[in-house]
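Sequences listed follow chains A and B, in order.
Heads up: the first sequence at position 169 corresponds to 191 in my numbering, and the numbers run straight through without jumps.
Heads up: the second sequence at position 90 corresponds to 112 in my numbering, and the numbers run straight through without jumps.
If a hint is listed, it holds; no wrong ones were tucked in.
Pairs of lysine-lysine residues, derived as DSSO-like cross-links and limited to a Cα-Cα distance of at most 27 Å, are as follows:
| # | chain 1 | residue 1 | chain 2 | residue 2 |
| --- | --- | --- | --- | --- |
| 1 | A | K174 | B | K177 |
| 2 | B | K51 | A | K177 |
| 3 | A | K68 | B | K149 |
| 4 | B | K174 | A | K59 |
| 5 | A | K144 | A | K107 |
| 6 | B | K94 | B | K109 |
| 7 | A | K51 | B | K187 |
Sample of chain A residues with no beta-carbon within 12 Å of chain B, all distances over it, derived:
| # | residue |
| --- | --- |
| 8 | S98 |
| 9 | E100 |
| 10 | I112 |
| 11 | K116 |
Source of the hints: derived by calculation from the structure; they are not laboratory data.
For each residue, glycine too, the CB sits at the ideal point set by N, CA and C.
This is what each chain is made of:
There are 2 protein chains.
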Amino acid sequence: MIIVLTGNGKGKTTSSIGQIVRALGHNQKVCLIQLFKGENFYGEQKILSSLDNLDFFSYAKKHPFCCKDVTKEQISSECERALDKIKKIIADNKYDLIVLEEFNIAVRDGYINISSLLEAAKKLSEKSTVFITGRQAHEDLIAAADLVSEVKEIKHPYNEGVSAKEGIEF
Amino acid sequence: MIIVLTGNGKGKTTSSIGQIVRALGHNQKVCLIQLFKGENFYGEQKILSSLDNLDFFSYAKKHPFCCKDVTKEQISSECERALDKIKKIIADNKYDLIVLEEFNIAVRDGYINISSLLEAAKKLSEKSTVFITGRQAHEDLIAAADLVSEVKEIKHPYNEGVSAKEGIEF
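Starting from the given sequences, assemble the full structure and let the hints guide the process.
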């Protein structure tokens, strides 16, 4: 099964974290591959790394949008490493749930081809549930997915000049 | 701060679980009050109960929609107990984050007055972040909230006759 969580609202990453916790509660084996998430920053990273049955990999920890000291070539090469990891995961076939965090952004920004992501998602979904997050999901991924939710921003205090809050946005 | 997560799509409860995990990762103190969620059913309940700094209460574990052996009076009385618990929480003032799961449903179905929920949310939000979930959030709650996301169902395999999957929907 391929699940896609997209949209511009708050709740996508937290939902994938909750999905992981839910699966672990059923003694399932889970793999999380994060893109564009700085380490030792998001509160969930500390808790997740303490849980059994979860393997957690992080690539392209910086995104050019926020970090000027990283080149597009570095990001592309990191995303390539993430895809190589997925190929290994497909071969190993040991996870019930694989979460691909912010992969929609990598496709949108040209770091991962939609055809590569689709091929990976389809192969993974033969044996596992695949959960893909990030705003602006590609239409081909939405077409291929079994379940799609869009998190829409109705109201956000950022728009009123309020800054990101520890424990809420990170 | 009052955060509301509403809408008919999959991702609201998992997002509140992820929010809890994120806050706990920053050593915050968290309280989760769930309505209408059967015990020992959802995978996350097992994991959450093993985490430090989280107090977890559950009321009205059955909902008349799915359980015919429960009366509306029983549900109302359980929701009343949940509101009493919130009053204690306001007085104790020891949590950074309070998650009120499915309280929008309790308002929609007439078990909790919107004015009672609004009063509770406003008082809680003076000292803590309040996170309220459930589809069809009341317009007065949306107006009072600082951050609102709507999870829209774009595609769901239930609609194709596929049944709920362990580790995904529960």
